[in-house]
Amino acid sequence: MDKLLAGNNVAVTEDGYLEDFNQWSKEIASEIAAEYGITLGEDHWKVILYIQEQYEKGVPLSIRSIGKSGVVSIKEFYQLFPDGPLKRASKIAGIPKPVSCI
Amino acid sequence: MKNLIILGAGTAGTTMANLLQKRLKNTEWNIKIIDKNTIHYYQPGFLFLPFDLYKPKQVKKPIEQFIPSGVELIQQEIDKIEVEANEVLLTDGTKVPYDVLIIATGTDIAPQEIDGMLGEHWHQDVFDFYTYTGAKNLRDKLREWKGGELVVHIAEMPIKCPVAPLEFAFLADSFFRNKEMRDKVNITYVTPLGGAFTKPKATEALNYLLEEKGIRIVPDFNIESVDGANKKILDYGGKEVNYDLLVTVPTNMGSPVMERSGIGDDLNFVPTNKATLQTLVKDNIFAIGDATNIPASKAGSVAHFESEILTENVMRYIKDEPLKEDFDGHANCFIETGNGKALLIDFNYTHEPVTGTFPFPGVGPLRLLKESHMNHLGKLAFRWIYWNMLIKGKHIPFVSAQMSEAGKDFSNN
Ligand SMILES: Cc1cc2nc3c(=O)[nH]c(=O)nc-3n(C[C@H](O)[C@H](O)[C@H](O)COP(=O)(O)OP(=O)(O)OC[C@H]3O[C@@H](n4cnc5c(N)ncnc54)[C@H](O)[C@@H]3O)c2cc1C
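Chains A and B, in that order, give the protein sequences. Going by full-length UniProt numbering, the first residue of the first sequence is number 1, and it counts up by one from there. Going by full-length UniProt numbering, the first residue of the second sequence is number 1, and it counts up by one from there.
Next up, chain B with everything else stripped away, as it sits in the complex:
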């Protein structure tokens, strides 16, 4: 018997377990998946949790529930990968040998990377919303907050779901309007980027929305430290921004497992071929989702598109066939803009987000790069799709792994 091991049972790992269980012969292959947690979080829900729009139970379910029978779930922390020996070492000392390894350990926040970010003020007036605990503590804070300077902040790129902080600012605007206290709150959006987003076309549309909602933007801000006592953040160039409530997205890093195994880059992301998803570490190691260093968005939708191509490539690798160089960086994200509306963007390695309709050319019903209520419903529907289709490895109708160019206006691209 041969062994295929998946590290991490989040979005990407769970999807791969479901897809490969159907493809690999159970008389020839053992499939094992390893995760330290018992809970699978629906992370996109962390955006809604702070505003009491989702309840905790809507964003967490047991990991077990999504692992198909025929796949062994090992609930243990991974210590390191022994690349030479083709073995995974767990913190309890167990060694798990593999023939093929798939790394899907995602990315996590690393607030310790920023001077002064952690301290007494952490989860008192400095919050993250990228973890379940952070989002929930922030919800409790927002329930009773009386207003002042709200600063929404990104420490450094890349971060997963790069639009989430912007959505947070938009939803905060709606939230305080609904509470009839918008006049008591100043919202400032502080980013290391030159504008609202990483892609120029979408930035134009988003900068406009920030202005419309009275959200001030401070671009090109590279944080050096947090001064918790005086409630301000400082950047390397000498700029300062004061806050009463700081909602930050700290540095995002891959798993420390990569550092311990000597295979990560300086943020612990795994060097990976951006078209085949085979790592540059060794032929029998593949990587998917937020854990890789490929220049695609770190998003659940990307992990989904990657999973179809990675499944194909794992099958080819096993049969000793050349890998398909098929992944085009396809990402598809809804951007909540508040008041029950959302934008939708669709892009890949080479094409920026454009205007048009999705998924049916000329029909929609979703509008690309335009605010609409339909898009907001799409975002809400994503939760159902996530739990019931995406991580179970079911194909999502009408949406293909590679980006479609039909129905889109590339004229200004």
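Same shape as in the complex, but just chain A:
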């Protein structure tokens, strides 16, 4: 389905993840973040860039691996993206919903 984000019609999944990373922009990220009451600051962007990089390399992400990345600690990750940090950060970064492991 399509969703109007930052003035563009963007294809998203049922739970709001971007279908196509090419449609992503910083403005779209800020708008999704705002839905969670998050205002993106410098630290948020560092995390977003990191997870986009990992996604492009095909490295599966986990809260644990982000905690070990040196970008943020797990505690900080939770403070930046409260409740479901990996799901929220992925949605904001425009990458698919993390496959929770089996």
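Just so you know, the hints here were simulated from the structure itself, not pulled from any lab data. Among the hints, erroneous ones may be present.
Unchecked claim - Straight-line C-alpha distance at most 25 Å; calculated DMTMM-like pairs for lysine to aspartate or glutamate:
{"no.": "1", "chain 1": "A", "residue 1": "K57", "chain 2": "B", "residue 2": "D235"}
{"no.": "2", "chain 1": "A", "residue 1": "K87", "chain 2": "B", "residue 2": "D140"}
{"no.": "3", "chain 1": "A", "residue 1": "K75", "chain 2": "B", "residue 2": "D328"}
{"no.": "4", "chain 1": "A", "residue 1": "K57", "chain 2": "B", "residue 2": "D265"}
{"no.": "5", "chain 1": "B", "residue 1": "K341", "chain 2": "B", "residue 2": "D328"}
{"no.": "6", "chain 1": "A", "residue 1": "K75", "chain 2": "B", "residue 2": "D99"}
{"no.": "7", "chain 1": "B", "residue 1": "K199", "chain 2": "A", "residue 2": "E14"}
{"no.": "8", "chain 1": "A", "residue 1": "K46", "chain 2": "B", "residue 2": "D220"}
{"no.": "9", "chain 1": "A", "residue 1": "K75", "chain 2": "B", "residue 2": "D326"}
{"no.": "10", "chain 1": "B", "residue 1": "K60", "chain 2": "B", "residue 2": "D140"}
{"no.": "11", "chain 1": "B", "residue 1": "K199", "chain 2": "A", "residue 2": "E31"}
{"no.": "12", "chain 1": "A", "residue 1": "K68", "chain 2": "B", "residue 2": "E156"}
{"no.": "13", "chain 1": "B", "residue 1": "K160", "chain 2": "B", "residue 2": "E113"}
{"no.": "14", "chain 1": "B", "residue 1": "K160", "chain 2": "B", "residue 2": "D235"}
{"no.": "15", "chain 1": "A", "residue 1": "K68", "chain 2": "B", "residue 2": "E113"}
{"no.": "16", "chain 1": "B", "residue 1": "K201", "chain 2": "A", "residue 2": "D83"}
{"no.": "17", "chain 1": "A", "residue 1": "K97", "chain 2": "B", "residue 2": "E308"}
{"no.": "18", "chain 1": "A", "residue 1": "K68", "chain 2": "B", "residue 2": "D227"}
{"no.": "19", "chain 1": "A", "residue 1": "K97", "chain 2": "B", "residue 2": "E352"}
{"no.": "20", "chain 1": "A", "residue 1": "K97", "chain 2": "B", "residue 2": "D235"}
{"no.": "21", "chain 1": "A", "residue 1": "K68", "chain 2": "B", "residue 2": "E259"}
{"no.": "22", "chain 1": "B", "residue 1": "K199", "chain 2": "B", "residue 2": "D328"}
{"no.": "23", "chain 1": "B", "residue 1": "K201", "chain 2": "B", "residue 2": "D108"}
{"no.": "24", "chain 1": "A", "residue 1": "K68", "chain 2": "B", "residue 2": "E352"}
{"no.": "25", "chain 1": "B", "residue 1": "K199", "chain 2": "A", "residue 2": "E27"}
{"no.": "26", "chain 1": "A", "residue 1": "K57", "chain 2": "B", "residue 2": "D108"}
{"no.": "27", "chain 1": "A", "residue 1": "K87", "chain 2": "B", "residue 2": "E240"}
{"no.": "28", "chain 1": "B", "residue 1": "K80", "chain 2": "B", "residue 2": "D99"}
{"no.": "29", "chain 1": "A", "residue 1": "K68", "chain 2": "B", "residue 2": "D115"}
{"no.": "30", "chain 1": "B", "residue 1": "K213", "chain 2": "B", "residue 2": "E308"}
Keep in mind that this is a model prediction, so the values were computed, not measured.
Based on the hints, put chain B with the ligand in the right spot on chain A.
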């Protein structure tokens, strides 16, 4: 003579030893299998042991008994794999050279990964049931426990047999009902997942059962620490859950051998091709069972399905033929729901568990995703199948390595 070495004589390693012994010419190949233990545990039985439903002797047998003649069993701890030198180093200093290596060292609990989980309270009021010792100590505790807050908890994913903690909660409900003390026990199920299970279809069915049994669920709980003195667990987001008895599944990790050898991921699982089971470490190293990082369930049934495909691929590798990209992530699990009933789920990489019948389309007798007594008998029969067929590498009738789509309802999938 060439050497094929299997690391680990658990479910997957033992099955591979039996299958390859039949296929490899003993005039050309030595097969060796290495394990630090002398006992083979039937781990699915660890679910029943705490409730006095199985006796210890039903879940353990000598490893030796299942290693076929013609395969050498080395009872030693593995220190590391020297990938460049094609050698396995044992802790006693012995070097075992190989031409082909199969990693089957499984996964183990790592309670030390969670702040405060280990301590005086460990196996006093904080228990695991994923080890023989944990399950047995928990049995002793449950025999005399007077009731209170029972918290069943998963630390982080992935864990082996991801339905086991849920089954534990269901069986606990039955157990306390039978002891006529259910009113003295609150059961809470605490999970890092958004709901009862990893797959949405099965989660719906399972959430319903939790509600029916009066089990409270706390989802999205990512544990930061255990406060043993005040008997509570805390999550990174600031949530807290109090317990009198905490039954936890700590972080599951692959063998530290992988870290020492520099070949594991951040949980010591071995990066492996999910269709061929060849590792990404080196062409002559394969991996099977819980030790891999493939996105399939870590379960005995999965190890069984993998073993048929891995045997074929080892034979092809030796003959220098292209590998078969055949593994589809097939898993088949019974879920005990208490009161002599069970559910059955069957799924793979791409298909979620669905409703229908198994293994015969339209006939069953097992019902997929529906509670039934027949499914419970199936789960109990699994112990016999495990000891007598599965780890001996015998083909289990009617059940194929790749998932069958017949008799299943994929309409909502
Ligand atoms: C409570 C519970 C319930 C379960 N229920 C089910 C179920 O209902 N159905 C199902 O299909 N599966 C179930 N499972 C999962 C199943 O038991 C495992 O997936 C299966 O045993 C994995 O086989 P494996 O060979 O990969 O590992 P394992 O069987 O664990 O074998 C690994 C072996 O490697 C050896 N090893 C490891 N490191 C070293 C070292 N450094 N040196 C020497 N030896 C080493 C170990 O001693 C061990 O013998 C359950 C598991 C648990 C814990």
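Tested hints:
Pair hint A:K57 plus B:D235 does not hold up; C-alpha atoms about 30 Å apart against a cutoff of 25 Å. Restraint check for A:K87 and B:D140: not satisfied, since their Cα atoms lie roughly 40 Å apart, outside the 25 Å limit. For the given pair, A:K75 sits about 37 Å from B:D328 by alpha-carbon distance, which is inconsistent with the 25 Å threshold. Between A:K57 and B:D265, the direct Cα distance comes to roughly 15 Å. Compliance with the 25 Å bound is thereby established for this hinted pair.
Distance restraint check for B:K341 and B:D328: the Cα-Cα separation of roughly 29 Å exceeds the 25 Å cut-off, and the hinted pair is therefore not satisfied. With a CA separation close to 45 Å, the supplied pair A:K75 and B:D99 exceeds the 25 Å bound. Between B:K199 and A:E14 the alpha-carbon distance is near 16 Å, which keeps this suggested pair within the 25 Å criterion. A hinted pair counts as satisfied when its Cα atoms are at most 25 Å apart, and A:K46 with B:D220 qualifies at roughly 24 Å.
Between A:K75 and B:D326, the direct Cα distance comes to roughly 41 Å. Violation of the 25 Å bound is thereby established for this hinted pair. Straight-line distance between C-alpha atoms of B:K60 and B:D140 comes to about 18 Å, which keeps the hinted pair within the 25 Å bound. Under the criterion of a C-alpha separation no larger than 25 Å, the hint pairing B:K199 with A:E31 is inconsistent with the structure, at around 29 Å. This hinted pair checks out: A:K68 and B:E156 have alpha carbons roughly 15 Å apart, not beyond 25 Å.
For the suggested pair B:K160 and B:E113, the alpha carbons sit about 17 Å apart, so the restraint of at most 25 Å is met. For the hint pairing B:K160 with B:D235, the CA-to-CA distance comes to about 22 Å; that is within 25 Å, so the pair holds. Of the supplied pair hints, the one linking A:K68 and B:E113 holds, its CA atoms being roughly 13 Å apart against a limit of 25 Å. Among the hinted pairs, B:K201 with A:D83 is consistent with the structure: their alpha-carbon atoms are about 23 Å apart, no more than 25 Å.
With a C-alpha separation of about 33 Å, the suggested pairing of A:K97 with B:E308 is violated against the 25 Å cut-off. A C-alpha spacing of about 23 Å is found between A:K68 and B:D227, which places the hinted pair at or below 25 Å, so the restraint holds. Proximity of A:K97 to B:E352 is assessed by CA-CA distance (about 16 Å); at most 25 Å being required, the pair is judged to hold. For the given pair, A:K97 sits about 22 Å from B:D235 by alpha-carbon distance, which is consistent with the 25 Å threshold.
Between A:K68 and B:E259 the alpha-carbon distance is near 15 Å, which keeps this suggested pair within the 25 Å criterion. Only pairs whose Cα atoms come within 25 Å are accepted, and B:K199 paired with B:D328 is accepted, the gap being roughly 16 Å. Of the pairs offered as hints, the one joining B:K201 and B:D108 is violated, with about 28 Å between alpha carbons and a cut-off of 25 Å exceeded. At roughly 31 Å between alpha-carbon atoms, A:K68 and B:E352 are farther apart than 25 Å, so this suggested pair is violated.
With a CA separation close to 32 Å, the supplied pair B:K199 and A:E27 exceeds the 25 Å bound. Of the supplied pair hints, the one linking A:K57 and B:D108 is violated, its CA atoms being roughly 29 Å apart against a limit of 25 Å. Our distance criterion of 25 Å between C-alpha atoms is met by A:K87 and B:E240, whose separation comes to about 21 Å. Proximity of B:K80 to B:D99 is assessed by CA-CA distance (about 16 Å); at most 25 Å being required, the pair is judged to hold.
For the proposed pair A:K68 and B:D115, the alpha carbon gap of about 16 Å is at most 25 Å, so the pair holds. Taken as a hint, the B:K213 and B:E308 pair is broken in the structure, with Cα atoms around 39 Å apart against an allowance of 25 Å.
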